[in-house]
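What follows is the residue order along each chain.
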Amino acid sequence: MDVLALARWQFAIVTVYHWLFVPLTLGLGLAIALMETQYVRSGDVKYKTMVKFWGKLFLVNFAIGVATGLFQEFQFGMNWSEYSRFVGDIFGAPLAIEALLAFFMESTFLGIWIFGWDKVSKKVHLLSIWMVVIGSNLSAFWILVANSFMQHPVGYELANGRAEMVDFLALPTNSYLWNQYPHVFFDGVATAAFFIIAISIYQLKKNKNQEVFKTSLKFGVAFGLVGTLFVGLVGHSQAQMIIEQQPMKMAAAEALWETENPASMSLFTIGDEEKMEDVFAIKIPAALSFLAYNKFEGEIKGIKDIQKEYEKTYGPGNYVPPVAVSYWSFRIMAGIGTAMLGILLLAWWVAFKNNFEIPPLVYKILFFSIGMPYLANSAGWIFTEVGRQPWTVFGVYRIENSVSIATTAGEVWFSMIGFTLIYAALVFPTVYLWKKFANAGTDGLEIHESIKSEN
Amino acid sequence: MDLNTLWFVLITVLFVGFFFFEGFDFGVGILLPFLGKDDKSRRVIINTIGPHWDGNEVWLLTAGGAIFAAFPHWYATMFSGFYIALFLLVASLVVRAVAFEYRSKSEDPRWRNLWDWCIFVGSFVSALLWGVALANLIRGVPIDGTMTYTGTFFTLLNPYALVGGLATLSMFTLHGAIFLTLKTTDDILETSRATARKLWLPTTIILLLFVAYSYVETDMFVALGINPGSIPIIAMLAILSVGTLLKAKKEGWAFVMTGITIAFSTIIVFSGLFPRVMVSTTNPEWSLTIYNASSSQYTLGIMSIVAAIFVPLVLLYQGWSYWVFKKRISKNSELEY
Chain A
1 MDVLALARWQ FAIVTVYHWL FVPLTLGLGL AIALMETQYV RSGDVKYKTM
51 VKFWGKLFLV NFAIGVATGL FQEFQFGMNW SEYSRFVGDI FGAPLAIEAL
101 LAFFMESTFL GIWIFGWDKV SKKVHLLSIW MVVIGSNLSA FWILVANSFM
151 QHPVGYELAN GRAEMVDFLA LPTNSYLWNQ YPHVFFDGVA TAAFFIIAIS
201 IYQLKKNKNQ EVFKTSLKFG VAFGLVGTLF VGLVGHSQAQ MIIEQQPMKM
251 AAAEALWETE NPASMSLFTI GDEEKMEDVF AIKIPAALSF LAYNKFEGEI
301 KGIKDIQKEY EKTYGPGNYV PPVAVSYWSF RIMAGIGTAM LGILLLAWWV
351 AFKNNFEIPP LVYKILFFSI GMPYLANSAG WIFTEVGRQP WTVFGVYRIE
401 NSVSIATTAG EVWFSMIGFT LIYAALVFPT VYLWKKFANA GTDGLEIHES
451 IKSEN
Chain B
1 MDLNTLWFVL ITVLFVGFFF FEGFDFGVGI LLPFLGKDDK SRRVIINTIG
51 PHWDGNEVWL LTAGGAIFAA FPHWYATMFS GFYIALFLLV ASLVVRAVAF
101 EYRSKSEDPR WRNLWDWCIF VGSFVSALLW GVALANLIRG VPIDGTMTYT
151 GTFFTLLNPY ALVGGLATLS MFTLHGAIFL TLKTTDDILE TSRATARKLW
201 LPTTIILLLF VAYSYVETDM FVALGINPGS IPIIAMLAIL SVGTLLKAKK
251 EGWAFVMTGI TIAFSTIIVF SGLFPRVMVS TTNPEWSLTI YNASSSQYTL
301 GIMSIVAAIF VPLVLLYQGW SYWVFKKRIS KNSELEY
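As they're listed, the protein sequences go chains A and B.
The first sequence runs 1 to 455 under the working numbering.
The second sequence runs 1 to 337 under the working numbering.
Simulated from the structure, these hints should not be mistaken for laboratory data.
Glycine included, every Cβ here is placed at the ideal spot set by N, Cα and C.
You may find that some hints are simply not true.
[Claimed, not checked] Heads up, simulated BS3-like pairs for lysine-lysine below, C-alpha to C-alpha not over 27 Å straight-line:
| hint | chain 1 | residue 1 | chain 2 | residue 2 |
| --- | --- | --- | --- | --- |
| 1 | B | Lys250 | A | Lys52 |
| 2 | A | Lys214 | A | Lys353 |
| 3 | A | Lys436 | A | Lys214 |
| 4 | A | Lys301 | A | Lys364 |
| 5 | B | Lys331 | A | Lys52 |
| 6 | B | Lys327 | A | Lys56 |
| 7 | B | Lys247 | A | Lys119 |
| 8 | A | Lys123 | A | Lys218 |
| 9 | A | Lys301 | A | Lys56 |
| 10 | B | Lys326 | A | Lys206 |
| 11 | B | Lys105 | A | Lys214 |
| 12 | A | Lys301 | A | Lys312 |
| 13 | B | Lys40 | A | Lys52 |
| 14 | B | Lys327 | B | Lys247 |
| 15 | B | Lys327 | A | Lys119 |
| 16 | A | Lys122 | B | Lys327 |
| 17 | B | Lys40 | A | Lys435 |
| 18 | A | Lys436 | B | Lys331 |
| 19 | A | Lys353 | A | Lys295 |
| 20 | B | Lys331 | A | Lys56 |
| 21 | B | Lys331 | A | Lys122 |
| 22 | A | Lys52 | A | Lys214 |
| 23 | B | Lys40 | A | Lys436 |
| 24 | A | Lys214 | A | Lys122 |
| 25 | A | Lys214 | A | Lys312 |
| 26 | B | Lys326 | A | Lys52 |
| 27 | B | Lys105 | B | Lys40 |
| 28 | B | Lys40 | A | Lys56 |
| 29 | B | Lys326 | A | Lys56 |
| 30 | B | Lys198 | A | Lys119 |
| 31 | B | Lys105 | A | Lys46 |
| 32 | B | Lys198 | B | Lys331 |
| 33 | A | Lys52 | B | Lys105 |
| 34 | A | Lys436 | B | Lys105 |
| 35 | B | Lys105 | A | Lys205 |
[Stated by the list, open to error] To list a few chain B residues with every Cβ distance to chain A over 12 Å, as calculated:
| hint | residue |
| --- | --- |
| 36 | Ala70 |
| 37 | Ala99 |
| 38 | Val163 |
| 39 | Gly229 |
| 40 | Gly272 |
Could you put the whole structure together from the sequences, leaning on the hints where they help?
Here's what the structure looks like:
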């Protein structure tokens, strides 16, 4: 493999791995902040027990999320130095702002939160977890400012052989961002909800600390309904925007070879990417037009026509992203998202039953659904990034120009194997600790009223 | 001062912050297996930096982000050129970060032992690599006319850079030992004191050796001249005074002095670079400077406003966090890590 192919693989591996942990940090942090707010308002130690229990799981996740995030900031320069030169003027700013606004806030106040139970007042302690939540959301926001520029470049002009910033405020007000950020935020909420639901029913089945986990389960269901519903609603408006801003990405997601009006939506397609035609397909007539324009008519451009258009605009070249990857990752994301709503209704029924006698199958479904948001999160990002190819900055800068010149294939192999081994090795202690804490439940948590209460 | 100079100064400040704060973190990590004879002592040692190490590391992330935003060519040339060194640095920081958080979450002695090793190796390798990187920055590396690094990983492993590595390694270890004398009690306090005293002389000798070597290997002599000015002299006097202060059990002052040595040495390195950010040994004309490597004036202006608002704010709440955890930690304290 050449440096370009290796650098792409490395980006995919380290980014998907990093993203396994970030949504839970976003969502579970918020959940814990809400629980602690309830504790401070009511003084009920049940809520403090919840904060402590979920807090332990949160910290394991937070640590590995931060650790795997370190390379994210370095890899643009290491593997993508030419990209960094080209966009640094406008792309570096959100990264620097992320570190200055978000990372300092997150890490400093998390330190206060972990170590400060008896050193600061209840209210300051509560404030600390909220600062962590705000910090991690600011971090998500600013890194998505950077990613949104790659998807839908705004606020720049081409000068001195690079993209230079001419309007800073265009970056945080990018229309793409205002679909992407809420999508990521609610996806974090949904991920945390399924995490809470699965571990709560596991504890309830063991008949342990019913009160704490019954409350947690109810909380998880409510949290999950909000998260999953909104992730879907935002996703819908996001898809409509992508049809407008990146028509090729959406055409690939639907394996729509020819322009159609009204356009049908694919339920299941096996296609031939070389010949650009369907081998076997089941389609719902006019449904894609409906999703795009809220009515059963309207033209959706197909891959072949968009390719011709792009050749006219950008010169000769292949502008079709990998269709099968785009198509299936989009379906996995959307399919799982829909299934999650159904599972939440099941969890609702369990949460509001008077006893905990549930069929083993229901238990299994609820427990193993903990993995669903993870699959959807990964598939969503694979779709977003693969569907943008061959561009790094859509319509402006191509992937083959982005890769480092000074770097050799041997070096990328070295670091890719190195990180893959380290990341793979880190799975074991992480899962071990999660199992350990999830198993222990509330046993061994030292819960007492804070010594240093109101002052 | 133009915006390019301002951003060079600001990046210097971020590195001063990083080396000062993370410097004692690295030192504490390196000393962990030597000063922590039993599990309880090790926990005390780790808890002295427990609430802070993560925030300290953010100084580096912010410096990296600032280099990217203000001097994209510097970021691109350095990061793609120092590839393997950076991989080793990031890998060390990754295992070290996870180790702090995971270490005391299981009672199994093998588990704890494994993570203690990760903390030690991660801190040791990082502390060493920083000196290697800084020495190569001021010595210069092969860079061609397109701002592309043309050396290999082994180009970076020259004798001068290795002495630089030893200098940061020993300096951070001493800084960490003195930090521990301020944050611990009883027997750990006593062993930290003894260790700091033992470390002082070798550290000072390595630093002086590095300074002398710098006059031979770099153009620092040309940059600084016969009379180097007050900053290098103060840095030198500061490290010399540490020996006496430690003997007099004035550890608070000793910590201030190692802090001054670290801060001023960082300033010396960066002022030796100025106005270059990467020195080309292939052709001086091909060096990257704060002008040919920088972002546009518009971007630098925007980022200056952002920095003017948020850097003071960060200093304020980080300072507050050190104040909250100002107490010494003993074996009777409640240990989170």
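Inset, instruction - Tell me, in ascending order, the numbers of any earlier hints that this structure violates. - result: Structure breaks hints 1, 4, 7, 9, 10, 19, 25, 30, 36, 37.
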